[in-house]
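Chemist: As a plain string of letters, each chain reads:
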Amino acid sequence: MKRTSLAAQRRKWGIIFLLPTVVFLSLMIIYPIVHSVLISMQYNRATSPNVYFVGLKNFYRIFTSPSFWQSFRNSIIYAFGGAFAKFLIGFAFALLLNREFRWRGIARGLLLFPWVLPVVAWCATWRWMYSPQLGIINQILLKVGLTGNSLNFLGSRELALPSVMMVGIIEGYPFFMVTLLAALQSVPGVLYEAASIDGASGWQQFVHITIPAIKGVIKISLILGIIWSWNSFAVIWSLTRGGPSGATHLLVTSAYEYAFIRGRYDYGAALSVMTVLFLLILLFIFRRWQKEES
Amino acid sequence: MRKRKVKSLLPLLLIVVGIIIVDFPLYWMFATSIRSEFEIFSESGTSLIPRQPTVENYKAILGGKLFAQSFNFRKYLWNSVITSLGATLVTLFIAILGGYSLARYELPVSEFISNTILFVYMFPGMIFAVPLLRFVQKIGLYDSLLALILVFTTFAVPFGIWMMRGYFKTIPKEVEECALIDGCSPPGVLLRISLPMAIPGIVATAIYTFILAWNDLLYPLIFVRTDANKTLTVGISNMVFGDLTPWGGIMAASVLSSLPVVLLFVFLQKYLVRGLTAGAVKE
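Chains as they are written, first to last, in the numbering used here: chain A, 746 to 1039; chain B, 28 to 310.
Treat the hints with caution; some may be incorrect.
Unchecked claim - With a Cα cut of at most 30 Å, we get these calculated DSS-like pairs of lysine-lysine:
no.	chain 1	residue 1	chain 2	residue 2
1	B	Lys-196	A	Lys-1036
2	A	Lys-964	B	Lys-196
3	B	Lys-165	A	Lys-802
4	A	Lys-757	B	Lys-165
The set of hints was computed from the structure by calculation and includes no laboratory data.
Whole structure, please, built from the sequences with the hints as guidance.
Modeler: Below, the structure written as structure tokens:
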């Protein structure tokens, strides 16, 4: 008898501790998401006090606008290409760091720096380095003779997206490096010793021991990397603000531009809803993919 | 013998080259910040080492002026500190209690709430932005630091709860159970036993939350308007897109805005990396 009342008392406290979380979730997360979906189906603008229901009209307008398809394409390239490049670079550094040497801690710290720096400061520096007239990158390219005239990295339609991606990749690879390094260090050394005795080459050990052992971490970090790049706002906004003429707009940045620069809350909300919908589709595919494997 | 030596030197060489490439912008930021604006626009503006190092850019931004434009650096800095600290405190309060409950009590809703938190942490900030702006306008907080603290929680709290939940799970619960059997009340156990043991996790969560808020650009762009309420991220970003770009001053502001987070990281690196990867690898 006493036991059940004790358990009930404990339960009561568990609920009390959880109360702030529940209030927070409903007020700051669930309510805004629901309201966003609602606004996406309204006429709702900063410039007009009128608000009324318009159904899926905003979505129809979005789907028939070329600028949406451009930002959609950019988002796909930026998220998948960017995450994959970050993964490759991060993995390479993780493998290089996964051995004993004297300055390992310092090397890891120095390789982590781009990730720690405030994105805005990091991007301001890159914008300065990319500058067509005085930027150090153009100066080096000219001196070495790789180009005859200076390149407008962030200002030309062809170069802008790759240039922005480069900044995002160097800023973001350390996450993969750190996570994969931790995974590599958790692989038992005995496995490698046994394989060496059996005469397996370094490459064979990598393919048959290392990769299978850290497969789970590879998958999770890739999924997270894609999602983060998909949602990336600050890198784009502090480098190009989506320009030149939309060449670097992602779904998120164009949602921001519609809602808060042009005052079209309805369009902005509809674009945000689309961003999340694609995210849900992505997550769904990943889940299926993981279930099939196991 | 010789071949072996080359083989072991190659990885080191690759690491050194990598460090030079990825950290060059950091050096360039600093090098530009100590050149005079005159030098930046002259021949020697791209020399690797500044010819005549100067602190004039730092003096200019601390004095609040860049190229005759006003650049209220000290005010921006103060706003960044206040809003990041505020968001961190609110987050710690909700995250310690919530994380503890989710890690220790198996309530019928625990799993659902944990999953929801992980799930919404993957959502872009934009999905919350329009409704929250309308909400903040309605309660009269638009264009205030309080509004920023409030909206920063949308990303800080889910992250904080997830970190704290993970940390509490690594602490063995036997000690707590003994105390409960001895008649200590649940809040007493949390306060006297669990909290002191969770201090490393709390510190890591606090630092990460602070850094997340400090670096955010989206919400300060949306929720404050007057110059006196802007944060460092907005201040720097506006300067970069001005008509005339005072790169020396912008780089000086970038160095100063990076300093707190870089220092936090340098001193606590080992500990922060461990906290983060423990969460990422285990879950």
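Chemist: Now tell me, hint by hint, if it's right for this structure.
Modeler: We went through each hint and held it up to the structure:
no.	hint	result
1	B:Lys-196 - A:Lys-1036	26 Å, holds
2	A:Lys-964 - B:Lys-196	23 Å, holds
3	B:Lys-165 - A:Lys-802	27 Å, holds
4	A:Lys-757 - B:Lys-165	35 Å, violated
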